[in-house]
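Engineer: Position 375 (the sequence shown) corresponds to 389 in this note's numbering; numbering is contiguous.
If you're looking for bench data, these hints aren't it; they were derived computationally from the structure.
Fair warning: there could be bad hints in the mix.
[What the hints assert, rightly or not] Computed list of lysine-lysine pairs in BS3-like fashion (alpha-carbon distance at most 25 Å, straight line): (1) K593 to K559; (2) K480 to K714; (3) K432 to K569; (4) K664 to K593; (5) K580 to K569; (6) K569 to K593; (7) K593 to K432; (8) K569 to K559; (9) K470 to K480; (10) K432 to K664; (11) K593 to K580; (12) K600 to K664; (13) K593 to K560; (14) K127 to K593; (15) K480 to K405; (16) K432 to K600; (17) K580 to K559; (18) K472 to K664; (19) K127 to K472; (20) K560 to K580.
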Amino acid sequence: MAMPQNSTRENGFCFAPSLDFSCPSPRPGEAGRTLGTVSGRDGHNISLSNGITSSGATSPSDSCAEPLCSDTLAEEGTPLEEGIKYVSADGEELACGWGGFTPGCLQLCNTSKGVLFFLCVASFLQGMTVNGFINTVITSIERRFDLRSYQSGLIASSYDIAACVCLTFVSYFGGNGHKPRWLGWGVLLMGLGSLLFALPHFTTGRYEARSAAELGVCGGNQSLPCSQAASSLSSYRFVFMLGQFLHGMGATPLYTLGVTYLDENVKTSYSPVYIAVFYTAAILGPAAGYLVGGMFLNIYTEIGREIDIAPENTLWVGAWWIGFLGAGAASLLISIPILGYPQRLPGSQRYIVMRVSEAHQLKDGSHKKASDPDFGKTVKDLPRSVLLLLKNPTFIFLCLAGATEATLIAGMSTFGPKFLESQFSLSASEAATFFGYLVVPAGGGGTFLGGFLVNKFKLRCSGIIKLCLLCTVSSLLAIFIFFIHCPNMPMAGVTQMYNGSALPGGHLNLTAACNAHCGCLQDTYSPVCGTDGIMYYSPCHAGCKKVSENLRNGKKVYHECSCVDKALLPGPGDAEAGKCTSSCAKRPLLLCFMFMVILFTFLSSIPALTATLRCVSDRQRSFALGIQWIVVRTLGGIPGPIAFGSMIDKSCLLWQDQCGEQGSCYVYQNSAMSRYTLVAGLVYKVLGTTFFIVACLLYKPPPAESAPGSSDASENGTSDLQEHKPSLPAEEDI
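Let the hints inform the model, and build the full structure from the sequences given.
Structural biologist: Take a look at the structure:
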């Protein structure tokens, strides 16, 4: 039978001619009353109220409930009468505002696009602060507050620890509560955490550089004594840890409740696109954090004070705290409109009615327990909720696959710049910028494209898992590019002897006859590039005696370097500050395939998230995302950088010496670094591929006649309402 066209587009339903829906004009004071009857083919009359049916069967009554009719009229050009309110099925007001303050102008934002905008701003701020500013300023904080590397590591880990602690509580109770309020208070907590993180700058005295004298030339290489007493400033690490803990607590609702709130309030087929836009904003945040944070670090921390050292000096501390003040203030502001949103948006009930269950079907039928409207509202249902998820093999293996992908993403984001720095002989700032230019189009584009593909091809849950599998296999093939590498730039005493011969037995020897009289120390690594194309550990190790400044690029130039051979002429040569430039012919190929690895890794992220939302029952979505985030963080996000770091550290040639203790790595062997990166990447990609295959094989979709509204979303919204009931037509595109 041909289906009539829907005259009200997305704000109503088009029904078969045998259905008679009456939708009378609203009269003041009649919101929520019974509006008419539906005469079914079996002769039963179903009373229509605002989302409630007397027969107990699922019906599309929301489309004819009074508030939704008013909404339809408004969109068709008929103005709403002043005083009309959106009211949900249980009488809850659906207007945007705070308490009784619900001005009409705010209702323009009371849409799915308005929610998406504010949540995107919140996720952008979270990414910029936690994954951008923190990583950018951690070195400056170490220097300013005399922190050791493991102490700064604890600061960074406090975020994940807080998130893991809060995820179960927030996702369970928030998932069954007022999601916008949980989200708003979370963003507000995030803002307070940022302001707290900047507080130590204002409670400590002025930063005084210990010395502005030139260090490093032959005969002038100086070092601070190792016996120097530990500074009391290191106690401020607890303030930073508390700030990060608040960041973690505040961000917990954002990626669990925020995702499900979007999914519940948009058309099913558009849910992946909305979520993809949301996550794309979260990925663009760190890129902005790196750029803005790096810009602030070029400003001296004591603003307005004259200083005679440059940002390149190891004693320089930039204005690390400015970004946290701005992000904190912005988070506090953005929390206000989020707190004003209703528990569900006006008109969202129609999307719930049109959903078709895609939840994995358990053999014992226990998955039906989650369809109970009262399920999950009390603490006593928590163990049963956990058990239902643990009995869902598709959900379990999607979590494990997400953990392997998270391990790679965490490892790449942490050590990607270091890989580029070593392979292409770049400075740390150049490598970070280079990596940012690589990740923004690949990560952001892949995230958005993943959601777009799910929507474009109207994929069901099994098809989405297959798309994830295809992306994982593609990135697995691309990761073989790490078989190739760029050769190390020659470095005197590290990769070769000072006379150009191979190092005996691979042992380092930074001292030679040309610099023996200089008394060089290894405290400060300050590489220089000689005119002979060889790198040296420092100007002192190159035997340089004088220094000047290159007017063209502002870099320091060292003269009379006894270890540097002058081209064509006898006598000492010159050296310029910084590493020698690499002319690796394999750079374009490496960058191209690294782009592919990042693209396909991020391409599977939104489809995997969408599959997780669809393979569980409707009332367990938020809780399922919370459990998934716990698995992803504990098995992927937290150990990922540790696993990658330990693998890459095996390729180190030159370690920092901190008063007899091993510090960070200065120089890596490029061939070994590529080899270990390949091994780590292959292990996790093979595991991820295996988990997606098992999830696909074990997924058991519901029968085709499954009733809508019982669980998760479908891509076209078509299904039978119930046996002997007419079916709803496909949704129209917006």
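Engineer: Hint by hint, say whether it matches the structure.
Structural biologist: Now for the hints, and whether the structure bears them out:
1. K593 to K559: holds (19 Å)
2. K480 to K714: holds (14 Å)
3. K432 to K569: Status holds; Cα separation ~22 Å.
4. K664 to K593: holds (22 Å)
5. K580 to K569: holds (20 Å)
6. K569 to K593: Holds: K569 and K593 sit about 12 Å apart, inside 25 Å.
7. K593 to K432: holds (14 Å)
8. K569 to K559: holds (16 Å)
9. K470 to K480: The hint holds at about 15 Å.
10. K432 to K664: This hinted pair holds, its Cα atoms lying about 14 Å apart.
11. K593 to K580: Holds, at about 18 Å.
12. K600 to K664: Answer holds: K600 to K664 is near 23 Å, not above 25 Å.
13. K593 to K560: holds (19 Å)
14. K127 to K593: The hint is violated at about 49 Å.
15. K480 to K405: holds (22 Å)
16. K432 to K600: holds (17 Å)
17. K580 to K559: Between K580 and K559 the Cα gap is close to 15 Å, so the pair holds against 25 Å.
18. K472 to K664: Violated, at roughly 46 Å.
19. K127 to K472: Holds, at roughly 21 Å.
20. K560 to K580: Holds, at roughly 16 Å.
When held up to the earlier numbered hints, the structure conflicts with 14, 18 and fits the remainder.
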